Amino acid sequence: MNRAVHDRGGWPTDAPIDRSEHELADWELLADGLVHALGDHGLMNVDELRRGIESMPRAEYERAGYYERWLFSIETILGEKGILAPGELDRKLGA
Amino acid sequence: MRFDPGTRVRVADRPHEGHHRTPAYVKGKTGRVERVHAAFKSPEARAYGGDGLPQQPLYLVGFAQRDVWPEYRGRPGDRISLDIYEHWLEDAD
Numbered sequence: 001m002n003r004a005v006h007d008r009g010g011w012p013t014d015a016p017i018d019r020s021e022h023e024l025a026d027w028e029l030l031a032d033g034l035v036h037a038l039g040d041h042g043l044m045n046v047d048e049l050r051r052g053i054e055s056m057p058r059a060e061y062e063r064a065g066y067y068e069r070w071l072f073s074i075e076t077i078l079g080e081k082g083i084l085a086p087g088e089l090d091r092k093l094g095a
Numbered sequence: 001m002r003f004d005p006g007t008r009v010r011v012a013d014r015p016h017e018g019h020h021r022t023p024a025y026v027k028g029k030t031g032r033v034e035r036v037h038a039a040f041k042s043p044e045a046r047a048y049g050g051d052g053l054p055q056q057p058l059y060l061v062g063f064a065q066r067d068v069w070p071e072y073r074g075r076p077g078d079r080i081s082l083d084i085y086e087h088w089l090e091d092a093d
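In the order they appear, the protein sequences are chains A and B. Residues 1 to 95, numbered by this note's numbering, are exactly what the first sequence covers, in order. Residues 1 to 93, numbered by this note's numbering, are exactly what the second sequence covers, in order.
Quick caveat, the hints were computed from the structure, so don't treat them as lab data. Here the structure is a predicted model, which means the values were calculated and not measured. A virtual CB, placed ideally from N, CA and C, is assigned to each residue, including glycine. Please note that a few of the clues may not be correct.
Said to hold, decoys possible - Residues from chain B shown here face chain A by an in silico Cβ test under 7 Å; the list is partial: (1) His19; (2) Pro23; (3) Ala24; (4) Tyr25; (5) Pro43; (6) Arg46.
Just need the whole structure built from these sequences, with the hints factored in.
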């Protein structure tokens, strides 16, 4: 069956499901708040958020944590819409 | 609404490029409408900047776990329920 990286119900694995919890870091709470603010302002909706996550390269998706995937998607979607210019985030972060 | 609660429905087993909310493991499986939620703007269009209209009815569809997972080893009566949009459902009878 050919399926996207996120569509993983029933994937064969011998590894146990990781059910561990962790205290959310400040940046994770901010990422959550950012997505809600973008939604409230009509700049990005949850379906776009999900589509952006699903567009991640497979290896990157596997490596990324939950909110890292959100950040990837925010950057992807806002870039598509011209709200973020190419390289704008990197410049502001001094990368 | 095309399907009433209790109707046997099959999930369309068709390829779909792009964002959609129907997981692969349930495509082609037959279940029963448990509840009609309401109609919502289509996420398949909203994910790409579309308005998502016309709104699509969303159903809670229940399946026997044994029908979804051929190797299921839990209790025979176990069920799994998913939210599925109308355009992914076909009449099973």
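Each hint tested on the structure:
With its C-beta approaching chain A no nearer than about 4 Å, His19 of chain B sits inside the 7 Å limit, and its interface hint holds. Interface hint at Pro23 of chain B: satisfied, since its Cβ lies 5 Å from the closest Cβ of chain A, which is below the 7 Å cut-off. This hint holds: Ala24 of chain B has a C-beta 4 Å from the nearest C-beta of chain A, less than the 7 Å allowed. The closest approach between the C-beta of Tyr25 of chain B and any C-beta of chain A is roughly 4 Å, which is under the 7 Å cut-off, so the hint is satisfied.
Checking Pro43 of chain B against chain A by beta carbon gives a least distance of about 4 Å; that is within 7 Å, so the hint holds. Satisfaction of the interface hint for Arg46 of chain B is found here, the shortest Cβ-Cβ separation to chain A being roughly 4 Å, below the 7 Å cut-off.
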